[in-house]
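**Q** Chain by chain, the residues:
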Amino acid sequence: MTAPVPDSQESPFDFESAFREYYARVARLIARIVRDPGRAEEIAVEVFYRLWRNRKAQGEKVGGWLYRTAVRAGLYEVRREARRERVAHFFRPSARPASPHEVHESNEDQRRVREVLTKMDPQRAELVLLRSAGLSYAELAAALDLNPASVGTLLGRAQQVFRKEYVKRYGEP
Amino acid sequence: MENRERNDNRWVEDRLSRLEPSNDWRPDAERGLERVRERRRVARFRRRVGIWSTAAGTVIITGLLFSPVCEAAGCTTPARNLGERLWLSVFTGKSEPKPAPAPALAPYKVTGSPTAPITCELYTDYQCPACARLYLDVVPMLLTDYVQTGKIRLVHRDFPLTIHAFSRSAARYANAAGKAGFYDLAVTRIFQTQDVWSRDGNVEAPLSQVLAPDAMERVRGFVREDSSLDKTIDADLEMGRRDQLRQTPSLVVVASGKRQLVPSVDNYALLKRYLDALLH
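Sequence lines, in order, name chains A and B. Counting in this note's numbering, the first sequence runs from 1 upward without gaps. Counting in this note's numbering, the second sequence runs from 1001 upward without gaps.
Since the hints were made in silico from the structure, they are not lab data. As the structure is a computational prediction, the values presented were derived from the model and not from experiment. Where a beta carbon is used, it is the ideal one built from N, C-alpha and C, also for glycine. Where hints are given, some of them may not hold.
Unchecked claim - Derived lysine to any residue pairs resembling SDA-like cross-links, with alpha carbons at most 25 Å apart: (1) A:K61 x B:R1039; (2) A:K168 x B:E1005; (3) A:K61 x B:P1027; (4) A:K168 x B:R1018; (5) A:K61 x B:S1113; (6) A:K168 x B:K1179; (7) B:K1179 x B:A1277; (8) A:K61 x B:K1179; (9) A:K164 x B:N1007; (10) A:K164 x B:E1013; (11) A:K164 x B:E1020; (12) A:K56 x B:E1005; (13) A:K164 x B:S1017.
What the hints assert, rightly or not - Here are the simulated distance ranges between beta carbons: (14) B:I1051 x A:G59: 24 to 34 Å; (15) A:R39 x B:S1053: 27 to 37 Å; (16) A:E108 x B:I1060: 29 to 39 Å; (17) B:L1065 x A:E115: 54 to 64 Å; (18) B:E1013 x A:N147: 17 to 27 Å.
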C-alpha cells in the first residue's frame, strides 16, 4: 500500500472565479440573517475580502469556509445591531418613526426567528441556518469542520434547541 | 422519537424559510467584485501609509530623544536632550542633578563696570552664522549704548556645539588670545573669517594676520599647553546647560539676582526696549 504523494506545487487560487461562483449564495445566506439586503451585500464583500487576505482558506474547501464565515459575520451583525438598538433606546426612550423600508421588513416572524438565532449557541445557530440555506450534510460537515457521521445528530439537537427557545419566548404558534 | 425529530425538522424549516430573501433581489456580483478590489486598494494604501508613518515617527522620536539639530534661525543646543532627561528621571529617580555653584569666570570675558545693574551673558558658537552676525552687528551697538555708559556688564560665553567640528578649537584660540590680552580682537577676527577657517579648521591663519608674531606665538603656546582653556569652555557649557539654552546665539540677562533667558537677540530694537524697561 502506498501513500498518495502530495503535489509539490499548489495550483494558484483563482479568486475571481471563486467570487463569481459563490457571491450570490453567500450574499443571500447573509440576507437571511440580517434584515437589509444592501447591508448583506456589504458584509458579503467583507467576507470575500477576508478570503483574499487568508491564504489558508484559499483551496478546495473554499465553499465551506465562505459559508461558515458568512453565517458568523451575519450573526455578529445582528447581535451588534441589537446592542446598538438597546443603547439607542436607553438614550432616546421615545421611539423614532420607522422608515418605509423598516415597516416593510418588520415582519414579526422574521424578527422572532433572528432573535432566537442570536440567543443560541453559535455553532447550533450556524447549523440550522446553513441547513435552511440548502446545504447537504456533507457540505455542512465541510463548512463547520464536523465529522460527517455526526452531522445529523448535531443538527437534530440544534433544531430541538431552536424550537425550545422559540416556544419559551413566544409560545407555540 | 424519529417522528418527533422529523416534526422538529419541519417546524424549524418552516420558521427559517420565512427568512428567505425576496426572489426579486439578485446580488450584483460585478459590483461586489469591484468593491472587493476597491477594498484591496484601500488596504494596500493604508498599509503603505502605516509603514511610512511608523518609519517617520521612529525617525522623529529618535531625533527628538537623541540628536541635536540645526535650525534655520540658529543652532540648537547639545544641552541635556530629552533622551538624557528621560533616562535620568526613569533610571536614576531624579529629573535633574542639583545645581553646583557657578563656575569661575575668566576675567577677559567680561566687559563693563562691575557695578552695572544688569549683566548680559551672551552665548555663542564660533561656527554658527547667526552668532557671527550678532557679534559683528548687534554687540557693537550694545557696547556703545549700554556697556560704555555703565548700564550693563557684558559677559561672552562659549557654547561650542558638537555638530560643529571646529567650534571648540576656535573657542580654544579665542581663550588663548584672551590669556594673552587680545580677547576682543581675536573673537571679532574669528567671527569675521568664519567662512574661511570653517572649511579646514585652520583658525590660526586668520588670527596671525591681526596679531603680532610674538603675541601669536604666545597664543600658540597657550593652545598647545594650557589645559585651563578647556576648563573655561566647559564652565561656560555647564552654565549654558543650567540656563537651559535651546539655541545659539542666546542671551541671558541677569537683573536683581534673577537670570532670564532671552530667546531672540538678533533684533537690536527689541532688545533695546527690553533692556530699557529693565533699567527703568
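**Q** Each of the hints needs a verdict: does it hold here or not?
**A** Hint check:
Restraint check: the Cα-Cα separation between K61 of chain A and R1039 of chain B comes to about 24 Å, which is no more than 25 Å; the hinted pair holds. This hinted pair checks out: K168 of chain A and E1005 of chain B have alpha carbons roughly 18 Å apart, not beyond 25 Å. Our distance criterion of 25 Å between C-alpha atoms is met by K61 of chain A and P1027 of chain B, whose separation comes to about 23 Å. This hinted pair checks out: K168 of chain A and R1018 of chain B have alpha carbons roughly 20 Å apart, not beyond 25 Å.
Between K61 of chain A and S1113 of chain B, the direct Cα distance comes to roughly 93 Å. Violation of the 25 Å bound is thereby established for this hinted pair. Using a Cα cut-off of 25 Å, the hinted pair K168 of chain A and K1179 of chain B is violated, with the two alpha carbons roughly 102 Å apart. Proposed proximity of K1179 of chain B and A1277 of chain B is contradicted: the alpha carbons are some 35 Å apart, above 25 Å. Between K61 of chain A and K1179 of chain B the CA atoms are separated by roughly 88 Å; this puts the pair beyond 25 Å, and the hint is violated.
Restraint check for K164 of chain A and N1007 of chain B: the C-alpha separation of about 13 Å stays at or below 25 Å, so the hint holds. In summary, the hint linking K164 of chain A to E1013 of chain B is supported, as the alpha carbons are separated by about 14 Å, within the 25 Å threshold. For the hint pairing K164 of chain A with E1020 of chain B, the CA-to-CA distance comes to about 22 Å; that is within 25 Å, so the pair holds. Between K56 of chain A and E1005 of chain B, the direct Cα distance comes to roughly 37 Å. Violation of the 25 Å bound is thereby established for this hinted pair.
Only pairs whose Cα atoms come within 25 Å are accepted, and K164 of chain A paired with S1017 of chain B is accepted, the gap being roughly 18 Å. The supplied range of 24 to 34 Å is met by I1051 of chain B and G59 of chain A, whose beta-carbon atoms lie about 29 Å from each other. A hinted range of 27 to 37 Å for the beta carbons of R39 of chain A and S1053 of chain B is consistent with their spacing of about 32 Å. The hinted window of 29 to 39 Å between E108 of chain A and I1060 of chain B is violated, with their beta carbons roughly 58 Å apart.
A hinted range of 54 to 64 Å for the beta carbons of L1065 of chain B and E115 of chain A is consistent with their spacing of about 55 Å. Take E1013 of chain B and N147 of chain A: their Cβ atoms lie about 23 Å apart, and the range 17 to 27 Å holds.
When held up to the earlier numbered hints, the structure conflicts with 5, 6, 7, 8, 12, 16 and fits the remainder.
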